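**Q** Just need the whole structure built from these sequences, with the hints factored in.
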Amino acid sequence: MSAQAALPADARAAAPLLRDDLRQIAAWIEDGARVLDLGCGDGTLMADLRDSRYARVYGVEISDESILACARRGLSVIQADLESGLRMFPDRMFDTVVLSQTLQAMHQTEAVLREMSRVGRQGIVSFPNFGHWTHLLSLLGGRMPVSPQMPYQWYDTPNVHLCTPKDFEILAARLGLAITGRALLAAGQPVSFLPNLRSKMAVYRFETK
Amino acid sequence: MDLSRGRLSAVQPGSVGVVTPQTMRFDEPLVLSSGASLVNYELCYETYGTLSSARDNAVLVCHALNASHHVAGRYADRPEQLGWWDNMVGPGKPLDTRRFFVIGVNNPGSCFGSTGPMSVDPSTGRPYGASFPVVTVEDWVRAQARLADRLGIDRFAAVMGGSLGAMQALSWTIQFPQRIGHCVAIATTPRLSAQNIAFNEVARTAIRSDPDFHGGDYYAKGVVPKRGLRVARMIGHITYLSDDDMAEKFGRSLRTADYAFGFGAEFEVESYLRYQGDKFSEYFDANTYLLITRALDYFDPARAFNGDLVQALAPAQARFLLVSFKTDWRFAPARAREIVEALVVNDRQVVYAEIDAPHGHDAFLLDDPRYHRLVAAYFDNVASERTG
Numbered sequence: 001m002s003a004q005a006a007l008p009a010d011a012r013a014a015a016p017l018l019r020d021d022l023r024q025i026a027a028w029i030e031d032g033a034r035v036l037d038l039g040c041g042d043g044t045l046m047a048d049l050r051d052s053r054y055a056r057v058y059g060v061e062i063s064d065e066s067i068l069a070c071a072r073r074g075l076s077v078i079q080a081d082l083e084s085g086l087r088m089f090p091d092r093m094f095d096t097v098v099l100s101q102t103l104q105a106m107h108q109t110e111a112v113l114r115e116m117s118r119v120g121r122q123g124i125v126s127f128p129n130f131g132h133w134t135h136l137l138s139l140l141g142g143r144m145p146v147s148p149q150m151p152y153q154w155y156d157t158p159n160v161h162l163c164t165p166k167d168f169e170i171l172a173a174r175l176g177l178a179i180t181g182r183a184l185l186a187a188g189q190p191v192s193f194l195p196n197l198r199s200k201m202a203v204y205r206f207e208t209k
Numbered sequence: 210m211d212l213s214r215g216r217l218s219a220v221q222p223g224s225v226g227v228v229t230p231q232t233m234r235f236d237e238p239l240v241l242s243s244g245a246s247l248v249n250y251e252l253c254y255e256t257y258g259t260l261s262s263a264r265d266n267a268v269l270v271c272h273a274l275n276a277s278h279h280v281a282g283r284y285a286d287r288p289e290q291l292g293w294w295d296n297m298v299g300p301g302k303p304l305d306t307r308r309f310f311v312i313g314v315n316n317p318g319s320c321f322g323s324t325g326p327m328s329v330d331p332s333t334g335r336p337y338g339a340s341f342p343v344v345t346v347e348d349w350v351r352a353q354a355r356l357a358d359r360l361g362i363d364r365f366a367a368v369m370g371g372s373l374g375a376m377q378a379l380s381w382t383i384q385f386p387q388r389i390g391h392c393v394a395i396a397t398t399p400r401l402s403a404q405n406i407a408f409n410e411v412a413r414t415a416i417r418s419d420p421d422f423h424g425g426d427y428y429a430k431g432v433v434p435k436r437g438l439r440v441a442r443m444i445g446h447i448t449y450l451s452d453d454d455m456a457e458k459f460g461r462s463l464r465t466a467d468y469a470f471g472f473g474a475e476f477e478v479e480s481y482l483r484y485q486g487d488k489f490s491e492y493f494d495a496n497t498y499l500l501i502t503r504a505l506d507y508f509d510p511a512r513a514f515n516g517d518l519v520q521a522l523a524p525a526q527a528r529f530l531l532v533s534f535k536t537d538w539r540f541a542p543a544r545a546r547e548i549v550e551a552l553v554v555n556d557r558q559v560v561y562a563e564i565d566a567p568h569g570h571d572a573f574l575l576d577d578p579r580y581h582r583l584v585a586a587y588f589d590n591v592a593s594e595r596t597g
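Residue numbers (my numbering), protein chains in the order written: chain A, 1 to 209; chain L, 210 to 597.
Where hints are given, some of them may not hold.
Just so you have them, the derived chain L footprint on chain A, three or more residues with Cβ under 8 Å [unchecked claim]:
#, stretch
1, 73-83
2, 88-95
3, 143-156
Below, in silico cross-link-like pairs of lysine to aspartate or glutamate (EDC-like), each with a Cα-Cα straight-line distance of 20 Å or less [said to hold, decoys possible]:
#, chain 1, residue 1, chain 2, residue 2
4, L, K535, A, D64
5, L, K458, L, D577
6, L, K488, L, E477
7, L, K458, L, E475
8, L, K435, L, E491
9, L, K535, A, E83
10, L, K535, L, D576
11, L, K458, L, D576
12, L, K535, A, D81
13, L, K435, L, D487
14, A, K209, A, E110
15, L, K535, A, E65
Think of the hints as simulated: they come from the structure by calculation, not from any bench. In this text the structure is predicted, and so the values were computed from the model without any measurement. Beta carbons are placed, not taken as given, at the ideal position from N, Cα and C, and that holds for glycine.
**A** Here it is in structure tokens:
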């Protein structure tokens with residue numbers, strides 16, 4: 001769990017505008033790596049990895065608008081549904097497969113994680129920590145939590161599989177994934193005191209055992 | 210694939226306006242994939258926009274089955290004949306002629322001006338007819354490269370096409386990897402399926418069994434195998450449209466008040482197909498139809514590599530935009546994904562979009578905003594690369 005330590009200084013300098021979890025993800029990617037970004041959105045992380053890490057990056061996205069945004073940035077992007085779209089990639093095609101802020105919206109969570117570990121040497125996921133203390137307070141008050149990292153009402157949320165860091169670690173172990181990095185973040189900084197309660201965002205790196 | 214579609218609509222603002230086709234003659238023989246040669250030949254072409262002084266803004270647009278070099282604009286004497294991709298090419302259009310020098314070229318074997326079965330065979334003094342050699346996508350690309358040589362274009366900023374036109378764009382990346390910056394391939398496949406070939410064979414059988422076909426040498430007899438062409442076109446047309454599209458356009462609507470208990474064109478869809486078939490048989494050449502469908506059947510760049518498309522595309526250096534349409538069952542998205550997968554394995558850059566348009570294969574000729582905005586965005590990036 002060495003990566004739980006402070007964020008490397010170079011990651012902060014290289015990517016001042018990236019979302020907190022994306023900064024941590026970028027820090028875990030080697031220069032020149034071949035990267036697959038699942039649910040790549042408008043290509044913010046991909047553009048950063050290409051420009052500051054010389055990574056060879058491909059994105060997978062379902063939305064027309066995101067494909068357009070990536071095309072405009074000159075990025076490689078493939079329009080596909082994440083839950084079936086990874087079949088087109090051969091085993092071990094990528095050095096790193098990234099799934100940022102999307103795991104909690106997947107229906108076939110286990111299948112997606114298995115596919116990530118099939119097509120990549122290592123995987124990185126980030127997700128909002130459902131166990132954040134404000135969420136617990138909200139539940140104690142009888143309401144589903146709504147927070148900046150989970151800004152949805154229970155009836156319109158795309159997040160169907162919310163979890164805590166501990167939950168994720170149990171699933172990873174069951175799927176035979178070895179966790180090689182963990183960063184539990186709040187306000188962009190690693191949380192060392194009571195991280196399971198105080199971190200808003202979890203970022204994990206894993207390999208197939 | 211519908212040359213006629215453009216004729217119905219008025220000239221849009223942003224048209225390239227009046228255009229004039231040109232002809233280039235080649236006296237050095239073109240050796241074909243079959244081993245046969247064309248001793249000499251002519252290519253018809255049109256250009257739109259201005260070639261930059263660095264000669265780095267040329268885009269070649271390749272045509273599909275029944276189109277030609279007339280990609281955009283209109284002719285002074287036939288203003289109703291808009292180019293077949295006029296909604297795509299022009300000032301302010303996705304392929305913007307204010308930035309790019311666009312070339313449309315008619316392929317050998319065609320019936321729209323370039324040397325084809327209707328042309329005179331210099332060795333006999335009579336039309337080639339059935340003796341016109343079978344040409345392939347690769348042969349067309351070689352002919353196009355010679356035209357580029359003559360026009361002083363070493364490297365295309367992009368080569369673009371839809372359907373069979375996209376096969377030529379793909380082939381460019383393999384045959385002349387150093388001469389193409391971007392490949393824009395719409396609604397295409399790395400090879401025809403058995404079903405695709407089967408439809409082509411039905412169309413060819415319709416033509417060859419027409420008593421007016423005379424083994425392909427009908428020119429001297431003063432007849433045209435119109436009945437065969439008509440059926441060929443009707444079959445083709447069915448494969449260009451989706452089931453939903455047909456249901457929406459025609460449904461089971463009748464042209465008559467009620468069933469007439471006969472075999473006239475009672476259903477709207479029958480009337481439509483008959484109309485399309487009749488129109489087509491007036492302007493298209495039967496030998497050309499055989500040749501072009503054969504070129505479609507033969508296209509299979511992976512064939513030389515035991516079906517391995519990854520190896521076939523290994524020489525490619527270009528960057529790619531591939532677009533498929535969800536309701537295209539002729540060249541379904543799954544076929545385009547095979548190309549994407551081979552490009553990723555080869556570490557080539559690629560943008561791939563699956564447009565949720567209802568119009569089947571024909572969608573590549575229509576102006577669905579999701580599709581056109583993406584092509585425009587892609588060419589924006591191509592243009593910024595040139596200037597940046």
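**Q** Could you run down the list of hints and mark each one as holding or not?
**A** Tested hints:
1. 73-83: holds (count 8)
2. 88-95: Satisfied; 4 residues make the cut.
3. 143-156: This one is violated; 0 residues, fewer than the three required, reach chain L with a Cβ under 8 Å.
4. K535/L to D64/A: holds, 13 Å
5. K458/L to D577/L: holds, 17 Å
6. K488/L to E477/L: Holds: K488/L and E477/L sit about 16 Å apart, inside 20 Å.
7. K458/L to E475/L: With a Cα-Cα distance of about 15 Å, the restraint between K458/L and E475/L holds, given a limit of 20 Å.
8. K435/L to E491/L: holds, 8 Å
9. K535/L to E83/A: Between K535/L and E83/A the Cα gap is close to 17 Å, so the pair holds against 20 Å.
10. K535/L to D576/L: Within the cut-off at roughly 15 Å; holds.
11. K458/L to D576/L: holds, 17 Å
12. K535/L to D81/A: Given that 20 Å is the threshold and the Cα spacing comes to 13 Å, the pair holds.
13. K435/L to D487/L: holds, 8 Å
14. K209/A to E110/A: holds, 16 Å
15. K535/L to E65/A: Status holds; Cα separation ~17 Å.
Checked against the numbered hints above, the structure breaks only hint 3 and satisfies the rest.
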